[in-house]
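We have chain A already, so just place chain B on it with the hints.
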Amino acid sequence: MVKTFLMKLIRIKAIAKKEIIQILRDPLSLAMAFLMPVLLLFLFGYAITLDVDNLTTIIYDADKSSMSRELAAELTASGYFSIVRTAEDQREIDTYLDSGRARVAVSIPVDFAKTIAKGGIAQLQVIVDGSDSNTATISLGYLSALLDIYARRVTGARSAPSIEPRVRVWYNPELKSRNFIIPGLIAVIMMVIAALLTSLTFAREWERGTMEQLIATPVTAPEVVIGKLLPYFLIGFIDMLISVAMAVFLFEVPLKGNLAVLTVISSVFLFGALGLGIVISIVAKSQLVASQIAMVATFLPAFLLSGFMFAISNMPIPLQAISRVIPARYFVASLKGIFLKGNPVRILVSDAVFLLFFAVIVFIIANKKFLKKIV
Amino acid sequence: MVRSLESCLLKGPCLMHKALERIKQMVIKEFIQVLRDKRMKAIIFVIPVVQTLVFGFAVTTDVNNIPTAVIDLDNSFASRELVGRFASSGYFTIIASPTNSSAVQDLLDRATVSIAIQINRGFSADLKRNIPASVQLLADGTDSNTTTVAVDYASRIIKRYSQDIGPPVTLATAGIDVRQRAWYNPELKSKNYNVPGVIAMVIMLTSLLLTSMAVVREREIGTMEQLMVTPLRPVELILGKTIPFALIAFCDMIFITILGVTIFNIPINGPLWLLPLSTAIYLLSVLGFGLFVSTVAKTLQQALMATFLFFMPAVLLSGFMFPIENMPAVFQYLTYANPLRYFLIIIRGIFLKGNGFDILWPQMAALFIVGVAVFTMSSLRFKKRLG
Numbered sequence: 001m002v003k004t005f006l007m008k009l010i011r012i013k014a015i016a017k018k019e020i021i022q023i024l025r026d027p028l029s030l031a032m033a034f035l036m037p038v039l040l041l042f043l044f045g046y047a048i049t050l051d052v053d054n055l056t057t058i059i060y061d062a063d064k065s066s067m068s069r070e071l072a073a074e075l076t077a078s079g080y081f082s083i084v085r086t087a088e089d090q091r092e093i094d095t096y097l098d099s100g101r102a103r104v105a106v107s108i109p110v111d112f113a114k115t116i117a118k119g120g121i122a123q124l125q126v127i128v129d130g131s132d133s134n135t136a137t138i139s140l141g142y143l144s145a146l147l148d149i150y151a152r153r154v155t156g157a158r159s160a161p162s163i164e165p166r167v168r169v170w171y172n173p174e175l176k177s178r179n180f181i182i183p184g185l186i187a188v189i190m191m192v193i194a195a196l197l198t199s200l201t202f203a204r205e206w207e208r209g210t211m212e213q214l215i216a217t218p219v220t221a222p223e224v225v226i227g228k229l230l231p232y233f234l235i236g237f238i239d240m241l242i243s244v245a246m247a248v249f250l251f252e253v254p255l256k257g258n259l260a261v262l263t264v265i266s267s268v269f270l271f272g273a274l275g276l277g278i279v280i281s282i283v284a285k286s287q288l289v290a291s292q293i294a295m296v297a298t299f300l301p302a303f304l305l306s307g308f309m310f311a312i313s314n315m316p317i318p319l320q321a322i323s324r325v326i327p328a329r330y331f332v333a334s335l336k337g338i339f340l341k342g343n344p345v346r347i348l349v350s351d352a353v354f355l356l357f358f359a360v361i362v363f364i365i366a367n368k369k370f371l372k373k374i375v
Numbered sequence: 001m002v003r004s005l006e007s008c009l010l011k012g013p014c015l016m017h018k019a020l021e022r023i024k025q026m027v028i029k030e031f032i033q034v035l036r037d038k039r040m041k042a043i044i045f046v047i048p049v050v051q052t053l054v055f056g057f058a059v060t061t062d063v064n065n066i067p068t069a070v071i072d073l074d075n076s077f078a079s080r081e082l083v084g085r086f087a088s089s090g091y092f093t094i095i096a097s098p099t100n101s102s103a104v105q106d107l108l109d110r111a112t113v114s115i116a117i118q119i120n121r122g123f124s125a126d127l128k129r130n131i132p133a134s135v136q137l138l139a140d141g142t143d144s145n146t147t148t149v150a151v152d153y154a155s156r157i158i159k160r161y162s163q164d165i166g167p168p169v170t171l172a173t174a175g176i177d178v179r180q181r182a183w184y185n186p187e188l189k190s191k192n193y194n195v196p197g198v199i200a201m202v203i204m205l206t207s208l209l210l211t212s213m214a215v216v217r218e219r220e221i222g223t224m225e226q227l228m229v230t231p232l233r234p235v236e237l238i239l240g241k242t243i244p245f246a247l248i249a250f251c252d253m254i255f256i257t258i259l260g261v262t263i264f265n266i267p268i269n270g271p272l273w274l275l276p277l278s279t280a281i282y283l284l285s286v287l288g289f290g291l292f293v294s295t296v297a298k299t300l301q302q303a304l305m306a307t308f309l310f311f312m313p314a315v316l317l318s319g320f321m322f323p324i325e326n327m328p329a330v331f332q333y334l335t336y337a338n339p340l341r342y343f344l345i346i347i348r349g350i351f352l353k354g355n356g357f358d359i360l361w362p363q364m365a366a367l368f369i370v371g372v373a374v375f376t377m378s379s380l381r382f383k384k385r386l387g
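Going line by line, the protein sequences match chains A and B. Under our numbering, think of the first position of the first sequence as 1, with each following residue one higher. Under our numbering, think of the first position of the second sequence as 1, with each following residue one higher.
Isolated chain A, as found in the complex (with noise of 0.2 Å):
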């Protein structure tokens, strides 16, 4: 009993041990490997933000008094417009956002301050380009604040509204749009790993023919299945280890929750990840067939699907029940979980059952699956 147990895991060993060597004889893809995470990181942690500012506004004056000109600095002091041109007349706001030269248009009519001295209502015209929707409602938000308190402070209304928001934000009080993306992105290179690495390895067994050279031999589908895993796990493994250490001391990142708990749940997503990988190479049988399931049955949902960067509660219900059976979904919700709000394992157990429950579930399929192929 203990013998056949040794012998298997010797069996396990000698199949990493090929599979590391090929890895190995492949080292611009390994370079590669460890590439991705440092240059996804990088550019969503420098170069990409949710956050709107500096959005190009063009002006039109027509006004020109002292208080339209104060309300032109008073848009620009704000920090999140800068005015790339005060128009000569009308039509060349529409020139403007036509060629995407400028985003928002302000139009200041002729009385405006006379209006306002007067004690009368003076019409702004405001107009954003919506065809980048979110940017446009974000913009509109600010702009209607800032001409709220301009308006009070001009007609020197001083009677506060008669109810209060009072905001406080957990979690990330600066809504920091880096904060929000970089613990969901450990998801998706984890996911990008494995479907760009694990879903060729079988395929390119068989389109060389050295499958049948493997099936020779005495090992058993599941040894296969673990030991080709193993070599892979180890590649995913470190590049989480990158992730972690870059969000963290280079993105400042806070890591409120437990190291060790985050190591863990990891581990378990990435046995999942890969094992899909796997699965779809012993499906595919080609590499071209598998590399194109690949991008669409794991990267794609991890990107998109998952909560990363979109509300899943935003979403149709069809693709929230979709959404329910992707993996990354939970290990998005745990990353920021751990994160950003420091959950306790009592919080984060639901999640890792279920990562565990798709591990488990899909090295079954990626045995039965393999062993059909054999026969």
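These are calculated hints, taken from the structure and not from any lab test. Glycine included, each C-beta is placed from N, C-alpha and C at the ideal position. Please note that the accuracy of each hint is not assured.
[Said to hold, decoys possible] With a straight-line Cα cutoff of 25 Å, these simulated DSS-like cross-link-like pairs (lysine-lysine) come out:
1. B/38 / A/368
2. B/38 / A/285
3. A/3 / A/17
4. B/24 / B/383
5. B/298 / A/18
6. A/369 / B/38
[Stated by the list, open to error] Quick partial rundown of chain B residues pointing at chain A, CB under 10 Å, derived from the structure:
7. 58
8. 62
9. 108
10. 209
11. 328
12. 330
13. 334
14. 348
15. 355
16. 369
Same frame as chain A, but now just chain B:
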């Protein structure tokens, strides 16, 4: 004399004809190879459909149905009225009404709700006595984007309510009336913004991956040598390898456009003929990059990873989802080398803004220059590798 003149005259067109024939054969061979696997046929058409559907439906930055908790400690007519306003706004879905603050903490920790509205005891009493009352908003800042919008919506609802119930303030007599309008996409629907972008993305992903893999595969299987001993010239080989995927990309473009118009009701406000023209220009650079990857990669594994390493930055630094103006200056300059940047402006201009050639020509010119540069460089590198 007459005969030699005739053959001389015919020689040019004849050579040309032969070259075209060779390219045609190569294209046919390529199609057979790609479509031999029945699953590939499905994949080529299923992938764009799946991507369009997911992007159209899932990638919505519109904020609505925000899961909300309400703690109404006042439980008066006024507080219930305010809660009712939240519920009927369409932005907030009230899914929990806990009775104490510690329950709220748990709901936010578990991400069951993303915003909590707390109305303290004495709310209606304060209102009656004309003392400023307050409403507490507790927001989960994890999703910074949604939170920004949600807090803005909540503040507006409260302000509106406060204006409706409050005494007529002096503000009404003197003030500024802000007329807001959103052009091109008046309802601010994010699908109108995303679906045209998917065309650009799908074209890039399919043609990049298929081109690079098609070449590398020949090398991996060892059939590249066989191709080289045929009378095919390097230019013909390059054209034969890229034309099939250009055609597939064109089909995908038409496919997604039809989907976008029929399922997602995306408007086409501009001249439609500009779409195939600019797609053709765009393909020049995409296929060029595919060729480039194929000169770097020796195995399919490398080709797949290199494609991805190229594709991700190209998408992220294009303005597809993240506005270019918000990027640091260095990255903004980088985007000028990105063909996707120009194509996105063109395609959104055609669909949403109704831009014509008069406005889009600088973008098309830039796209053309990038395309010619990339394709020429990659072709030269490809030839060198062959030799």
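| query | Is the interface hint for residue 58 of chain B satisfied, with its Cβ closer than 10 Å to some Cβ of chain A? | reply | Since the shortest Cβ distance to chain A is 5 Å, the answer is holds.
Is residue 38 of chain B within 25 Å of residue 285 of chain A, Cα to Cα? holds, 13 Å
Given a cut of 10 Å on the nearest C-beta pair, is the interface hint for residue 355 of chain B held or broken against chain A? It holds, given that the least Cβ distance between residue 355 of chain B and chain A is near 6 Å, below 10 Å.
A closest beta-carbon separation below 10 Å is what the hint needs, so does residue 334 of chain B meet it against chain A?
Holds. Min distance 8 Å.
- Item | chain A contact restraint for residue 348 of chain B - C-beta distance below 10 Å | Since the shortest Cβ distance to chain A is 6 Å, the answer is holds.
Check your understanding: Does the CB of residue 209 of chain B sit less than 10 Å away from some CB of chain A?
Key -> Cβ of residue 209 of chain B sits 7 Å from chain A, so the hint holds.
>> With the threshold set at 25 Å, check whether the alpha-carbon distance from residue 38 of chain B to residue 368 of chain A stays at or below it.
In response: holds, 24 Å
Practice task
Return the status of the interface hint for residue 108 of chain B: holds when the least beta-carbon distance to chain A is below 10 Å, violated otherwise.
Solution key: Nearest chain A Cβ about 6 Å off; hint holds.
Minimum beta-carbon distance criterion (10 Å), residue 328 of chain B to chain A:
holds, 6 Å
| Does residue 369 of chain A pair with residue 38 of chain B here, judged by a C-alpha cut-off of 25 Å? | Holds: residue 369 of chain A and residue 38 of chain B sit about 20 Å apart, inside 25 Å.
When the least beta-carbon distance from residue 369 of chain B to chain A is tested against 10 Å, hint result
Given a least distance of 19 Å, the restraint on residue 369 of chain B is violated.
Proposed proximity, residue 18 of chain A with residue 298 of chain B (alpha carbon, max 25 Å): OK: residue 298 of chain B and residue 18 of chain A at ~20 Å, within 25 Å.
The structure fails hint 16 only (numbered hints given earlier).
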